[in-house]
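A.B. asks: These protein sequence lines are chains R and H, in that order.
Take the first sequence: its letters are residues -4 to 734, numbered as in our numbering.
Take the second sequence: its letters are residues -4 to 734, numbered as in our numbering.
In short, the hints are calculated from the structure, not lab data.
Wrong hints could be hidden among the right ones.
All copies of an identical chain are treated as equivalent in the list; a pair is satisfied when it fits inside any one copy or across any two copies.
[Said to hold, decoys possible] Restricting the straight-line Cα-Cα distance to at most 25 Å, the calculated cross-link-like pairs of lysine to any residue (SDA-like) are:
#	residue 1	residue 2
1	K688	V215
2	K575	R383
3	K679	A579
4	K688	R383
5	K393	G218
6	K393	K688
7	K575	A627
8	K393	G689
9	K688	A217
10	K214	G689
11	K671	Q490
As the structure is a prediction and not an experimental result, all values here were calculated from the model.
Number of protein chains: 2
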Amino acid sequence: MVLASALQWIIPIAGLTAVIFAGYLARDVLRRDTGTQAMRDVASTIHEGAVAFIRRQYTTIAILALAGAVVIGGVIYLVETRDVADVPDLAGAPIAIMTAVAFLVGAAASMASGIIGMFISVKSNVRTAAAARRSLVEAVQVAMRGGAVSGFLVVSLSLLGVWGIFTAYSTFVGGVTVREAPFLIVGFGFGASFVALFAQLGGGIYTKAADVGSDLVGKVEAGIPEDDPRNAGVIADLVGDNVGDCAGRGADLFESTAAENIGAMILGVGAFLIAQAAGWPNPEAWIFFPLVVRGFGLLATIVSVAFFIRGSETENPMNILNRGYWVTSILSVVGLFITTNVMMNTGGVVGANGWPAWVWFFGAGLVGLATSVVFVYITQYYTAGSFRPVREIAEASKTGPATNIISGTAVGFETTFVTAVSIGVALLASHWLGSQAGLTNAEGHDVGGILGTAVATMGMLMTTAYILAMDTFGPITDNAGGIAEFSRSEAGARQITDHLDAVGNTTKALTKGYAVASASLAAFLLFSAYIDKVNLIQRNRGGQLLTAVNLADVGVFVAALIGAMLVYFFSSLAIRAVGKTAQAIIVEVRRQFREMPGIMDYTQRPDYARVVDITTRAALREMVAPGLVAVATPIVVGLVLGYQAVAGLLMVGTIAGVLLATVLNNGGGAWDNAKKYIEAGNLKDENGNVIGKGTPAHAAAVVGDTVGDPFKDTAGPSLHVLVKLLATITLVMAPLFIR
Amino acid sequence: MVLASALQWIIPIAGLTAVIFAGYLARDVLRRDTGTQAMRDVASTIHEGAVAFIRRQYTTIAILALAGAVVIGGVIYLVETRDVADVPDLAGAPIAIMTAVAFLVGAAASMASGIIGMFISVKSNVRTAAAARRSLVEAVQVAMRGGAVSGFLVVSLSLLGVWGIFTAYSTFVGGVTVREAPFLIVGFGFGASFVALFAQLGGGIYTKAADVGSDLVGKVEAGIPEDDPRNAGVIADLVGDNVGDCAGRGADLFESTAAENIGAMILGVGAFLIAQAAGWPNPEAWIFFPLVVRGFGLLATIVSVAFFIRGSETENPMNILNRGYWVTSILSVVGLFITTNVMMNTGGVVGANGWPAWVWFFGAGLVGLATSVVFVYITQYYTAGSFRPVREIAEASKTGPATNIISGTAVGFETTFVTAVSIGVALLASHWLGSQAGLTNAEGHDVGGILGTAVATMGMLMTTAYILAMDTFGPITDNAGGIAEFSRSEAGARQITDHLDAVGNTTKALTKGYAVASASLAAFLLFSAYIDKVNLIQRNRGGQLLTAVNLADVGVFVAALIGAMLVYFFSSLAIRAVGKTAQAIIVEVRRQFREMPGIMDYTQRPDYARVVDITTRAALREMVAPGLVAVATPIVVGLVLGYQAVAGLLMVGTIAGVLLATVLNNGGGAWDNAKKYIEAGNLKDENGNVIGKGTPAHAAAVVGDTVGDPFKDTAGPSLHVLVKLLATITLVMAPLFIR
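Given the sequences, and given the hints that come with them, work out the whole structure.
C.D. replies: Okay, structure coming up:
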């Protein structure tokens, strides 16, 4: 089929188009009005702080990544020369070099998209604040376009990276065919995960330490409002929004797209072999399928961002964003239809009911798209103020902080129910749909079921660029609000930025729900890729095939226990890191209040830069321990207990990680909004009087909000990264665990 | 071997001796001085409240259990007549009746031991308070003997129940041999779990709702001290200590001992078959082994309680209790040695190194005993005031309740590390030791490894009666303190009761650590029993054997996800139940303060009974939902996804449950002791001044303590019960899940 072959070109075309479109958006944003001198001053201070942090953070990460590449290359070289090589035609050195290079390219692409996205984001905030002085819709456009730069770069660089390295290896390296290439590029995913882990940890620690620390000294001790310029920690707080929410989440979703693309390509190999043996036209389309779907997703997002982010001044901005999301989703369905129809050609062989295979897979993809919509609504229910969970927490605040915390914990725990059930249904449904397609391999096993879950994952991830743009909208508007407050902007403008800030809180929460759901769907796909890789190695070595990950085996069970423990221990380290860093900020801001008495009456300017510097150093120091624990645990368990056991660690660690992340993200979001619910005057006493700001109930809700901060913005998002790191690290290190 | 046969008589002898000894202790306690009239008045009020709650609670539970027995009998009848019967000689009805009868006997024995233990416990409190007016050692003796009544009854009734029903079925029912009997008595374990679930939930909700509710209105709103007689909720609080900590934990450990005895006997069948085939002497000794070990454990505890609970007036009471624990442990080693040496006779066949099999199993048993000691120390480290974790939480309280909560959460999460690693090492070590014993079955598979983990579990559980006595010591001394405070006892006596109360807090924490560790070790044993039972059924039906619980199967994976979710959802319901019940108490106590103005100046007596009544009704209503969720989830998953998937739910649910229970128990304990650390004047500011009671830091620590209450005394302990319920319910319902 010429068409299927031609459709593969959608990958570089969509990728490059997205990069160019991101450039256009960046230029558009940068050309806009930057407001008053006061606004520019604050913005440039934030910019400086963010650049300083990112420079130091990415320098550290780059050094760690280089060291990682050397270790990985060395280990793989030793393993592959000790034993039969995984790809027989390539001796030890080429495989080691290809893996290490893929790792570095993945790391570099992730860093590049993070840095550029961050740069545009800190330029967009002041422009959003300036636009808010004129028009709501214009402010939404600026913030959304600034966010879309991140979204497009993350998805397109990940897509181009995977495609580029795959094409390079399968075309230019002798002995590598499309069949083996997916296994050789797993290093790309690991590199992306490695960068994401430290980016999210460092950024997450920075943002919440600055937030908690400056709130505690400012609001609680000194009694001045949030974002007040007299608080020396306030700039660090604004910088934190960018480095945590923006750069961190970007790296998180970069690795998601990369790892899941590669995992799906590995599973596609199974279908490729069937297609090749049966003489179906264009068998490699089964391997390229995930990338083509991703390309269509990018095109859908471009159309949506270019033409559908518009509305009236009186409209709820959330509606404007939601409209864009629906447009993206609907266009994605069209893209999914075209791709499955054209690329999943079984040469006339049909599945159950006499329907062609592609129909079943199209159904599986729809399940994925539907799952992402379901998660958007679940997250809204649990974290938005108008529903039962948030109201319950607000009511519990009447009897003090203890009942607020107890109630929020109960809500956080409760959210696992609908999350697990939705994921379970999506997995079972997509697996069943795929298994109806009639793809049976040479050993008589069905490969369609697992491919169905892969297609569902790809369907879900088609909207990633849009979701990420909405996510980055969050810190941009949060910053815009801070700048407006800081530069004492007009009341009308501040009203607009406050409104956008509230919308941004919702979009940030949605992204986390989306990230969790995609991580869970993808988990199953990545396990299967691990098993495929182990069996590829075992076939070459003549070893025993891995046909089951048997929990009743004592080694697997213990590894599973360790995996579930890891997510708690890692979260403990991340949360403690926030506490320690916040402590350092508190000490410094207190010192400035004490030694610079002019701060309180505005005659002296606090030393913002010093707080930024202290936070930067502390956050970078504190990110190392949890990062190393995450990387070392699967390797140690794999070496001690073997390759089957490490699969148990991976699977149960993923289950535990996804659920704990759900608890932390949603619990934190609900606490945050319970506070906002009270501030908005929605809480009443038994006589109908409003219990608002400044009451003990409000103080109790502030405690819950503060507790939720490191949960939802440090530990929770870092857990998303952790579960995918477990998948990529075991994929890359698999040869090491087989003795 | 005549000796091995004779040693089986240790089971009824030790069981009956323990019952008689419990009777002696009860008589001894009841004969003692009951103090002043004021003390007797309070005590009888507590007694009334406790009896009223227990009567209503156990009536509800009895009705639920009867309904449960009918359902179980009916379902098993249908399954066994639909298909080939599990035990071919017994048609559907006998199996159904035997299972339902075993269920009812288990439920009844659990209820009996709970009720009698509770009755003695509420009689011991006032006698401990009276003894405290004369002597520290006498007070320790009274409290420990009162506690030991529970300890001995729980363990001996469980032992006699399992032995009795086993003997009855294997002797008097035609067609049942010792080989099948262990499978037919699993209903006993399920009955015990069923009662334990509701006993722990109801008691846990009652105790913490009363505690939190009366503290919030009393200490926080009205500004009167804890246990102050003007607080209408104070009697409910004292009642709660008995029904939650005493009756609840008793039921918890009753089911542990029952389920683990039965599970170990099922695994013993594997060894029995080998012994029988090889013609080794006395093959059924392998099945009776767990019960004999338990019998020796009881005898060791009797000696220890009778002769070693003594010391000097100036000694730390914890030392007195610890001495008794060490004596019990050392005597247990002797008992373990005798039992393994006599009963594990391989007729001269040796294992690895040329050592006889019993040597290896003796080693595995020692691993179990050592694990229980390790857990005692882990729990002390994480929850006692002198170590880093509690100090860290106390320090964090300086910056308010939010940092206190964040820090306590980090500590709770952290405790999973050493817990998981210890359990992992114990499992791997005991499995390895067992696998060296050289027991290979007819299919060439090793059965020694899994038997090693069973022996380790039995070794760990030898000290259960002693641990339970120490646990019940907790609520007795807590109550004694309350009675002393309430009846305005002499300062010297109050000092002693305060000291004992602090020791009781530690012993309660230790018991929870012990319960978690034994649940985890036992988990693996119970999974294996489940697999054995499924395969027994499949052999009869000619179905496919369950050789692996394959996590890479989509159904197993989804079930595992549901299992991990269940522990969060169940905890959420339990925590929320506490909140709702506490709310009811708060409303009532507030009403009394408002409508009975004489309460505050002691001229009017609050209506304690009304609060007790309200709490009773609310707690019983609220225990139903989480209980039904726990029972229904495994059944629904088993029916929908099948018998392999439900094993995944069981295993991953257990891992998740054990870890979450660890987090909740230890986090709660650490918060509690951080508050005590501050109250004891150990927290200092940077200039070395004490930050004590009444400071904002202390208020922050009180918030943490209150948050920890439902975690450590409701949700955490209920999770222990949940994981064992999952094991027994799947064991009993296995025939239903196989299609």
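A.B. asks: Hint by hint, note whether the structure agrees.
C.D. replies: Evaluated hints:
1. Within a single copy, K688 and V215 get their C-alpha atoms as close as 14 Å, and across copies as close as 21 Å, so both meet the 25 Å cut-off.
2. Taking identical chains as interchangeable, the C-alpha atoms of K575 and R383 lie at most 25 Å apart only when they sit on different chains, with a minimum of 15 Å there against 35 Å within one chain.
3. Taking the shortest alpha-carbon separations for K679 and A579, only the inter-copy value of 19 Å comes in at or below 25 Å, while the best intra-copy value is 38 Å.
4. Proximity of K688 to R383 under the C-alpha cut-off of 25 Å is restricted to the intra-copy arrangement: shortest distance 21 Å within a copy versus 37 Å between copies.
5. Proximity of K393 and G218 under a CA criterion of 25 Å is satisfied in both settings, with 22 Å inside one chain copy and 17 Å between copies.
6. Taking the closest pair of Cα atoms, K393 and K688 come within 25 Å of each other both inside a single copy (13 Å) and across two copies (24 Å).
7. In this assembly of identical chains, the alpha carbons of K575 and A627 lie at most 25 Å apart only when taken from the same copy (23 Å versus 44 Å across copies).
8. Taking identical chains as interchangeable, the C-alpha atoms of K393 and G689 lie at most 25 Å apart whether they share a chain (13 Å) or sit on different chains (21 Å).
9. Proximity of K688 to A217 under the C-alpha cut-off of 25 Å is found in both arrangements, the shortest distances being 17 Å within a copy and 24 Å between copies.
10. In this assembly of identical chains, K214 and G689 lie within 25 Å of each other by CA distance both inside one copy and across copies; the values are 11 Å within and 22 Å between.
11. Taking the shortest alpha-carbon separations for K671 and Q490, only the intra-copy value of 15 Å comes in at or below 25 Å, while the best inter-copy value is 47 Å.
The structure is consistent with each of the numbered hints, conforming to all of them.
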